[in-house]
Amino acid sequence: TKTRDTLKEKLAFVSKGKTEVDDEFLEELENILVAADVGVETTLDIVDAITERSKGKTYRSEEELNAMVMEEIRKLLVESSHDHPVDFDAPLSAKPYVIMIVGVNGAGKTTSVAKLAHNYDKAGKKVVIAAADTFRAAAYEQLKIWADRAGVPIIGQGQGADPASVVFDSVSSAVSKGTDVVLVDTAGRLHNKSHLMEELAKIMRVAKKKIPEAPHEVLLVLDGTTGQNAVQQAREFTKFVNVTGLVVTKLDGTSKGGIVLSISRELNLPVKYIGVGEKIDDLQLFDRGSFVEALLEKENGKAEG
Amino acid sequence: MFDNLSDKLELTFRKLAGQATINEVNIGIAMRDIKRALLSADVNYKVAKKLVEDIREKSLGESVIKSVSPAQMIVKIVNDELTEIMGGENQPLNLPPKKIPAIVMVAGLQGSGKTTFCAKLAKRLKKNGKNPILVAADVYRPAAVEQLKTLGQQIDVPVFSVEEQDAMKAALGGLEAARSGAKDVVIVDTAGRLQIDEAMMAEAAALKNRLSPDELLFVVDSMMGQEAVNTAKAFNDRLDFDGVVLTKLDGDARGGAALSIRQVVEKPIKFMSVGEKVDDLDVFYPDRMAQRILGMGDIVSFVEKA
Ligand SMILES: Nc1nc2c(ncn2[C@@H]2O[C@H](COP(=O)(O)OP(=O)(O)OP(=O)(O)O)[C@@H](O)[C@H]2O)c(=O)[nH]1
Ligand SMILES: Nc1nc2c(ncn2[C@@H]2O[C@H](COP(=O)(O)OP(=O)(O)OP(=O)(O)O)[C@@H](O)[C@H]2O)c(=O)[nH]1
Ligand SMILES: [Mg+2]
Ligand SMILES: [Mg+2]
Chain S
1 TKTRDTLKEK LAFVSKGKTE VDDEFLEELE NILVAADVGV ETTLDIVDAI TERSKGKTYR
61 SEEELNAMVM EEIRKLLVES SHDHPVDFDA PLSAKPYVIM IVGVNGAGKT TSVAKLAHNY
121 DKAGKKVVIA AADTFRAAAY EQLKIWADRA GVPIIGQGQG ADPASVVFDS VSSAVSKGTD
181 VVLVDTAGRL HNKSHLMEEL AKIMRVAKKK IPEAPHEVLL VLDGTTGQNA VQQAREFTKF
241 VNVTGLVVTK LDGTSKGGIV LSISRELNLP VKYIGVGEKI DDLQLFDRGS FVEALLEKEN
301 GKAEG
Chain P
306 MFDNLSDKLE LTFRKLAGQA TINEVNIGIA MRDIKRALLS ADVNYKVAKK LVEDIREKSL
366 GESVIKSVSP AQMIVKIVND ELTEIMGGEN QPLNLPPKKI PAIVMVAGLQ GSGKTTFCAK
426 LAKRLKKNGK NPILVAADVY RPAAVEQLKT LGQQIDVPVF SVEEQDAMKA ALGGLEAARS
486 GAKDVVIVDT AGRLQIDEAM MAEAAALKNR LSPDELLFVV DSMMGQEAVN TAKAFNDRLD
546 FDGVVLTKLD GDARGGAALS IRQVVEKPIK FMSVGEKVDD LDVFYPDRMA QRILGMGDIV
606 SFVEKA
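Protein sequences appear in the order of chains S and P. Here the first sequence stands for residues 1 to 305, where the numbers follow this note's numbering. Here the second sequence stands for residues 306 to 611, where the numbers follow this note's numbering.
Looking at chain S on its own, in the form it has when it is part of the complex:
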C-alpha cells in the first residue's frame, strides 16, 4: 500500500474518520506543517485560523473537513503574496541595471549569479559580472569558470582586494561600454557579523557614487534546506542593504523551502527565483501558486521514520 508521503496526503490522513477539529487533529496538523519547514510562527497562524473557523462546527464528511483545511492553508500561503516574477526579456528600468547578490556562506550565490548571467544573456542583454568576493579561497576562479560558461565578461582584482573598488570598476566599465546588466557576486557572510555586514553597506555606497540609484536590485540568496534561521538572515540583511527579493536554492533536493513562505509573510519580501540544480540553466522564475502546490505534493524523504 502507498504510504502517506506528500504533505497533501498527510493532511488528508489527519481528517480521516473525523468530522470535527479536536486537539489531536490540531497537534497533528502542527507537526505536519512544522515538518515542511513552514516555520513555527506561520504554522501557529494556520492552526489558529483553522481553530477559529471550525469552532463549534461539525463537518458533513472527512472530505469536507479536509477541504476546509486545505483552503485555509492555501489562503495563508498563497494569497498573502506580493511576488511579481519578471521574465528576463522584460525591459529594465535602468541602464546599466545593477543587481547585487548577497547571503550567508555556501547558500548558492555564485552559482545563482552564473544562472542569472546566462538568462539575461540568453534574453539578449549585455551582461558583466563583478567578482566582489575577494575573500574566499578560489572564489574568483570559480566565478571565472561560470562566466566563461555563460559567455559573459568578468571584472575582478584578485584575492584580498577591496570588494567595493571591484564594484566601482565594474559599474564604471558598464557605463562606458553600454552594458545592460551588472551582476555583483559578494562573499558569503553570516548576518550576525556586523563588520561583514558593514562591508556590504559600503559596497552599496560606492556603487551609488557612480549611479545614485544603484544597486537597482539586491537579491538575498537562501539555501532551501535552511530552517528557522532563514527568517533571522532576512531580517538582518534587510537592515544593512535594501533587499528587493529572495532567491531560494537547492530545491532540487527533498527540502521544501517552506521557510520562504514565513519570510515573505513576516518581512514582505518577494521570492524572485528558485535554484533547482547545479547547472547553468537550473534557475526558474518563482511562481507562488505552483511553489505551494509543489510544497504540498513533494514527497517526504523515505528515510523519515
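Misleading hints may appear alongside valid ones.
[Unchecked claim] Once the Cα atoms are required to be at most 25 Å apart in a straight line, the calculated BS3-like pairs of lysine-lysine come out as:
hint, chain 1, residue 1, chain 2, residue 2
1, P, K354, S, K18
2, P, K351, S, K298
3, S, K18, S, K57
These are calculated hints, taken from the structure and not from any lab test.
Assemble chain P with the ligands onto chain S, guided by the hints.
Relative to the frame of chain S, chain P with the ligands by itself:
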C-alpha cells in the same frame, strides 16, 4: 518567539499563581512551551515530541527541591536530557596510531563546509605532529580543486589532484602519493551531493569501499531545518559514517538539527566549525550545544577560543 526557555517557563509558572510544585496541570503547559522552543530551534518534530514525553515523565517523578523554582527544575531536566542525547562527553577523532596512512573522508550536501573543514582538520593534525596530505576528490564543482589548493598553501599542506573528472582516480592517487611521500594522514574532500542523487551517492559509496576510511565524517550546516534528519539518515544508510561535523556555528542558528541527527542516526558529533578561517575549528561539546538549542547561550566555547 522568545529567546530563552528558562524565562519563558518562569513566566508560565508565574501565570499559574501559587503553583510551587510540578503537577499534572502546570506540566502540561510547560511541556507545550518546551516543545515550541525545540521546534523553533529546528529540532525535528518527531524528536521533539518524544523528548517532551520523556521530560514530562522525569519531571513528574521529581520532587522539587526547596531552593529552586519548578521552572528552574524543569529547565535543568531539559538541559540534562539534551546533553545526554547529544552524547554526554566529547568524542575525539579515532585514528588508529599504527595504520599509516590513516584515512579521513568527508561527505555532505552542497555548500555545507566540507572543503573548508578538510583544511581546518589538516591544520589541526599538523599542529599535533601529524604529516597530512589533502586529496581533491571533488572533480565537479567549478574551482573546487583550486579552492583546496589555495587552502593547502595557507596551511602548508600538500594537495593531491588529478586532471580527469574521476573522483576514484583522485582518491586512489592521493593514497598512493601519501605512501610515497611518507604522509601519515590522508584527508579526502568530496563533492557536495544530494541524498536523492543516485549516481553521486553511488560514487561516495564506492569511494568508501575502496578507501575504507578510518573516519568518514558527515558535514552538516547547523542552520539546517527539519530536513536535516532525512538527509543525515539517507547519508548514514548509504555510507554508515563514523561521525558528524557541525558547521557555521559562529552564526546565530540554534542548531536543533544537531540534536535530531544525533538522536536519529546515533553517531557522535565530533567537531564544530566556527568560522571561515583555517583555525576556526573546535571539538564538539554536547553540554554547550544543549544550552545553545535551549537559547541559553553558548558563550563558553567561543570565549575559550578567543
Ligand atoms: N543541488 C543544488 N546545488 C546548488 C544549487 N545552487 C548552488 N548549489 C551548489 O551549492 C554549492 C555552493 O554554491 P555557491 O554558488 O558556491 O555558493 P555561494 O553562496 O557562492 O558560497 P560562498 O561564496 O562560499 O559563500 C555548490 O556546490 C553549488 O554547486 C541548487 O540550486 N541545487
Ligand atoms: N561562517 C562560517 N563559514 C563557513 C564555515 N565553514 C565553511 N564556511 C564557508 O561556507 C562556504 C562553503 O564552504 P565550503 O567548504 O566550500 O563548502 P563545501 O561543503 O566544500 O561546498 P561544496 O564543495 O560546494 O559542496 C564558504 O564560504 C566557507 O568559507 C563556518 O564554520 N563558519
Ligand atoms: Mg560564492
Ligand atoms: Mg567543497
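Hint by hint, here is what the structure shows:
A threshold of 25 Å between alpha carbons decides the hint, and for P:K354 with S:K18 the separation of about 23 Å falls inside it, so the pair holds. A hinted pair counts as satisfied when its Cα atoms are at most 25 Å apart, and P:K351 with S:K298 qualifies at roughly 19 Å. Taken as a hint, the S:K18 and S:K57 pair is honoured in the structure, with Cα atoms around 12 Å apart against an allowance of 25 Å.
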